Every structure is written in C-alpha cells, then in structure tokens.
Amino acid sequence: DAGVIQSPRHEVTEMGQEVTLRCKPISGHNSLFWYRQTMMRGLELLIYFNNNVPIDDSGMPEDRFSAKMPNASFSTLKIQPSEPRDSAVYFCASSPGERSPLHFGNGTRLTVT
Amino acid sequence: TQLLEQSPQFLSIQEGENLTVYCNSSSVFSSLQWYRQEPGEGPVLLVTVVTGGEVKKLKRLTFQFGDARKDSSLHITAAQPGDTGLYLCAGGTQWGSNYKLTFGKGTLLTVNP
Numbered sequence: 008d009a010g011v012i013q014s015p016r017h018e019v020t021e022m023g024q025e026v027t028l029r030c031k032p033i034s035g036h037n038s039l040f041w042y043r044q045t046m047m048r049g050l051e052l053l054i055y056f057n058n059n060v061p062i063d064d065s066g067m068p069e070d071r072f073s074a075k076m077p078n079a080s081f082s083t084l085k086i087q088p089s090e091p092r093d094s095a096v097y098f099c100a101s102s103p104g105e106r107s108p109l110h111f112g113n114g115t116r117l118t119v120t
Numbered sequence: 027t028q029l030l031e032q033s034p035q036f037l038s039i040q041e042g043e044n045l046t047v048y049c050n051s052s053s054v055f056s057s058l059q060w061y062r063q064e065p066g067e068g069p070v071l072l073v074t075v076v077t078g079g080e081v082k083k084l085k086r087l088t089f090q091f092g093d094a095r096k097d098s099s100l101h102i103t104a105a106q107p108g109d110t111g112l113y114l115c116a117g118g119t120q121w122g123s124n125y126k127l128t129f130g131k132g133t134l135l136t137v138n139p
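Just so you know, the protein sequences line up as chains S and X, in that order. Here the first sequence is numbered in our numbering, starting from 8 and rising by one per residue. Here the second sequence is numbered in our numbering, starting from 27 and rising by one per residue.
Since the hints were derived computationally from the structure, they do not count as laboratory data. Bear in mind the structure is a predicted one, so any value in this text is a computation, not a measurement. Just so it is clear, CB atoms sit at the ideal spot from N, CA and C, and this is done for glycine as well. There could be a bad hint or two in this list.
To be verified - What follows is a list of derived Cβ distance ranges for each label pair: (1) X:119 x S:34: 22 to 28 Å; (2) X:43 x S:19: 38 to 44 Å; (3) X:71 x S:120: 33 to 39 Å; (4) S:12 x X:122: 27 to 33 Å; (5) S:25 x X:86: 45 to 51 Å; (6) S:16 x X:35: 24 to 30 Å; (7) X:77 x S:24: 46 to 52 Å; (8) X:119 x S:14: 28 to 34 Å; (9) X:85 x S:25: 44 to 50 Å; (10) S:91 x X:139: 36 to 42 Å; (11) S:35 x X:43: 40 to 46 Å; (12) S:75 x X:42: 49 to 55 Å; (13) S:69 x X:124: 20 to 26 Å; (14) X:38 x S:47: 16 to 22 Å.
Looking at chain S on its own, in the form it has when it is part of the complex:
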C-alpha cells in the first residue's frame, strides 16, 4: 500500500498565480479530506468529500479556493489567485469510513511570495 500520495511536495509561486495541489487517496477509502496547517492556526479542515461528493466545505477560506474529486482515485485543491497569506502546508487525508483513522499524505508546502 503506497499510502496517500500528494504532489508536489514543495511549491513556490508568486502572488496572483494559480496553484493546483494534487492528491491520490488510498484505494478503497471513500472519505477524503483537505487540511491546511500553519503555526498560528494549527490543522484546519478545508473540505471533506464522501464518495466523491463534497459534504462540508465550510472551511474553505474564500472563493479563491476550490476543490474537486472527479473520481475515487484523484482530488485537486486549486487556489486562484494565490496570496502570501495562503502560505502553509496543505495535507490530504483519506479514510475508509466512520470513526476510522485518517491516513495523511506527507503534505505540500506552499510558499507564495
């Protein structure tokens, strides 16, 4: 089992540019989560998918953020346009279901200059 795979590991971009983060969940897991981690705010839930359907996107900061899950094996988180305050580590996690542990990827460290 390769675990949750995220790409890229690091992304450095200039303010105003579009950023796309990618995630491949563990096969068979029907729940997928995008989190953002910063020193100030800790680990924040951005959006939660269940069976490829967005269930809770109340954590998405604003309209500049969007997430898709076109199939069970792929999800993207897009920021357009990016801003310096978006700099953080973005984690994708998947889970087989209720009360099951979340399996996290190793994250994408985003720096917006």
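Given chain S's structure and the hints, the job is docking chain X onto it.
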C-alpha cells in the same frame, strides 16, 4: 465551530521523566483520536477512544477519554527521545454516514537525552 484546546503548547523534558498533555473542549464528540506528527510528515494515528471514561494503553502511553466525552489526556511514562514530536488530538463528529475530525493545535514535545 467546535474547538479543541490543547495544553501545554510546548513541553521540553529530560529522558526518563513522565508527562501529561491535555485536550479540552466545550463540545461533545462521538470519538476522540490522538495523532503524532514528525517534521516533514503527516500525522499518524496513535489511538481512538469512543466511550466516556475509556482508558487505553499503548506501551508507555496512556490515553483517557473524559466521562462527558469533551476532554482527553495523554500520559507518557519514562519519556524517551524517540517520543519527540507534535501530539495532536482530534474530535470526531458524525452525522448520518458522514464523519469528520476537528484537530487541536497540538503539543510540541521535546525529550532531551
């Protein structure tokens, strides 16, 4: 918004000492999970507790879920340098077939040899 407060935020101790970290909330959770995160990696599950008053042991780690399912503690006996890391608690919220985790900001533990 359900909030989880973790304390202390930082803890630096000597090898062999005992320690306890706390996770508190005003909200009731259906379950509570503890994760450990190392630099450059995603969090990894340590334990899940679901019943009020439940106590689980994992080698030198003892986890307790409060009777009212609003708080939890993690006690480490005879800490070792390998215990160094960020310890995160996460409260589970379930509705229908959906389930999501809200994380605390974590306790950063350093165990000095």
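Hint check against the structure, violated hint numbers in rising order: none
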